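In case you want the letters, here they are:
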Amino acid sequence: MFDLAELYQQLILDHNRSPRNRRRPEHPQRCAEGYNPLCGDRVTVYLSVGDDRITDVAFEGSGCAISTAAASLMTEAVKGKTVQEAKALFKRFQSMVTSGGPAMGEPGDRSLGKLDAFAGVRHFPARVKCATLAWHTLNAAIDDKTNLVTTE
Amino acid sequence: MKTVAGNAPAVADSGGGAAGGRAAGRDPYDVESVRADFPILGREINGKPLAYLDNAATAQKPDAVIEAVSGYYRQTNANIHRGVHRLSVEATEAYERARGTVQRFMGARRPEEIIFVRSATEAINLVAQAYARPKISPGDEILITTMEHHSNIVPWQILCEQTGAILRVVPINDAGELCLDEYEQLLGPRTRLVAVTHISNALGTINPVAELVATAHRHEVPVLIDGAQAAPHLPIDVTTLNCDFYTITGHKMFGPTGIGALYGRYELLEDMSPYQGGGEMILSVTFEKTTYNHVPHKFEAGTPNIAGAIGMGAAVEYLNQIGLDRIGTYEQELLAYATEKLSRIPAVRLVGTAGHKAAVLSFLVGDVHPHDVGTILDQEGIAVRTGHHCAQPVMARYGLTATVRASLAFYNTRAEIDRLAAAVEKVREIFA
Chain A
1 MFDLAELYQQ LILDHNRSPR NRRRPEHPQR CAEGYNPLCG DRVTVYLSVG DDRITDVAFE
61 GSGCAISTAA ASLMTEAVKG KTVQEAKALF KRFQSMVTSG GPAMGEPGDR SLGKLDAFAG
121 VRHFPARVKC ATLAWHTLNA AIDDKTNLVT TE
Chain B
153 MKTVAGNAPA VADSGGGAAG GRAAGRDPYD VESVRADFPI LGREINGKPL AYLDNAATAQ
213 KPDAVIEAVS GYYRQTNANI HRGVHRLSVE ATEAYERARG TVQRFMGARR PEEIIFVRSA
273 TEAINLVAQA YARPKISPGD EILITTMEHH SNIVPWQILC EQTGAILRVV PINDAGELCL
333 DEYEQLLGPR TRLVAVTHIS NALGTINPVA ELVATAHRHE VPVLIDGAQA APHLPIDVTT
393 LNCDFYTITG HKMFGPTGIG ALYGRYELLE DMSPYQGGGE MILSVTFEKT TYNHVPHKFE
453 AGTPNIAGAI GMGAAVEYLN QIGLDRIGTY EQELLAYATE KLSRIPAVRL VGTAGHKAAV
513 LSFLVGDVHP HDVGTILDQE GIAVRTGHHC AQPVMARYGL TATVRASLAF YNTRAEIDRL
573 AAAVEKVREI FA
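Heads up: the protein sequence lines correspond to chains A and B, in order.
In terms of this note's numbering, the first sequence opens at residue 1 and continues consecutively.
In terms of this note's numbering, the second sequence opens at residue 153 and continues consecutively.
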């Protein structure tokens, strides 16, 4: 049995209550929509990249506490990073929430900063998709360059 | 059933009842001895006794069903309706005996009116393709309701795409009851079929199906009833209901997965073309001409789920032993208790408050997302469904994407309801 407090950490509850960067930017370069058919949760990630660096990132959508907080903390974590750095961070985040991340002492075993709050998710396999939905959507927004937002 | 000395609360009746013997048919209703028939109910989840409140998704299986299935594989396994050897004869008899058991359970006039299928979903697809499709012209209408499970929506949408027919939907009121006036108004000259659920899986509403059938028949429209949620909870009699098709599924009525039954009025089944082609459904095959088998075999192409049918028969016999009347009485009492208990928690909002309801409680806890509620309940050993319950139009009707759903069966107890209420309080603490 795992302590619920390990999953629902104060940082996660806080970002669920008041999500950061939950807005629709006026002129985002790209967006992607993520959908979890299992729970019906939707998230849209808006992205602007300049000089290979993420200059703005925001999201819209509603979901459970884990998915909302994950989207919120993701936007904070990747803003200002290069596209490659953001992708690498996604991999490490995914690894952390599925298997606990790199083994102690291995290269790459560094703290993910605030994102460490999601380490408890690995004990709740049914919730992994909640934590990674926004990240998958960000990844799609980065990759799919044809998926441009219209300025209608 | 195992014998358990009865000191359980009197629920169904307060009569003395026979001491000893099996729980079945004994008053008062002894929930503890019933629970002893279900091995999985002895499990612990996260260090807590399992409280299984997800029966509308699938129900647990009693020893009688588990043993019927494994006994078939251990003693009887052979293919049916072919071969003269002993095992094949025994397997065929067991399979057809199960058909008879299901026939009597549903109140059908003859066993040929029962077609074994994979699920209620397959039964509805069968009716859509083998019954409705050849009769439908562009502009014809199929009438369903807002509270249907996706399985009673999508097969009709596919049919509409194939034929140019139009899907019409009967609305529901805020309590989750069908709007009967609109229902009658929607029955028009182009309506070719009504497909309606007996009990809503997401809201628990019990529809007045006999009345719906009578109204439709006045307009000469046949009716399919999706009884997947009804079969485990109330007695079904297709002859009295006078419906044209009725579908049930084994796994929601304490039988195996992968088996269900379609009741169809004999004359309609006789008229219909096959649903799938293959072995079993033919009398003779040449490359020039194939002659189809008689009803019901015409609709059972390929080797069927023999063990599943036998297991479903065993589940029906088990339900008969306890008695659906007693089950209904017990579950209604449990529903009243749970409704009272949850309503007393200020943050809880019940979704689906029909006057005539099965033991399903769909609810929200403040603005906490149902998935978060589900995870916290799971930590307490309580299994509930969270999400849209494969009924997204119902959720949309209430402006929701998801609810928490506790769906009860006759083996659930007041103590489990108390644990549910306590766990909901815990949700409120965490998300305070």
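Source of the hints: derived by calculation from the structure; they are not laboratory data.
Predicted model, so just to flag it, every value in this text is computed and none were measured.
Hints may be right or wrong, so weigh each one.
[Stated by the list, open to error] If you want the footprint, here are the derived chain B segments under chain A, 3+ residues with CB under 8 Å: (1) 217-231; (2) 309-316; (3) 375-382.
[Unchecked claim] Examples of chain B residues toward chain A, derived with CB under 10 Å: (4) Phe190; (5) Val306; (6) Asp524; (7) Thr527; (8) Lys578.
The beta-carbon is built from N, C-alpha and C at its ideal position, and this holds for glycine as well.
Do the hints match the structure? See the list:
A count of 0 residues in the segment 217-231 of chain B with a Cβ less than 8 Å from any Cβ of chain A is obtained; the coverage claim is therefore unmet, three being the minimum. Counting residues of the segment 309-316 of chain B whose CB falls under 8 Å from any CB of chain A gives 0; the rule of at least 3 is not met. Given as covered by chain A, the segment 375-382 of chain B fails the check, having 0 residues with a CB less than 8 Å from a CB of that chain where 3 are the minimum. The closest approach between the C-beta of Phe190(B) and any C-beta of chain A is roughly 23 Å, which is over the 10 Å cut-off, so the hint fails.
A cut of 10 Å between beta carbons decides the hint on Val306(B): the least distance to chain A is about 14 Å, and the hint is violated. Taken as an interface hint, Asp524(B) checks out: its beta carbon lies about 5 Å from the nearest beta carbon of chain A, inside 10 Å. At a threshold of 10 Å, the smallest CB-CB gap from Thr527(B) to chain A is about 6 Å, leaving the interface hint in force. The beta carbon of Lys578(B) comes within 8 Å of a beta carbon in chain A, closer than 10 Å, and the hint placing it at the interface holds.
The structure fails to meet hints 1, 2, 3, 4 and 5 from the earlier list, while all remaining hints are met.
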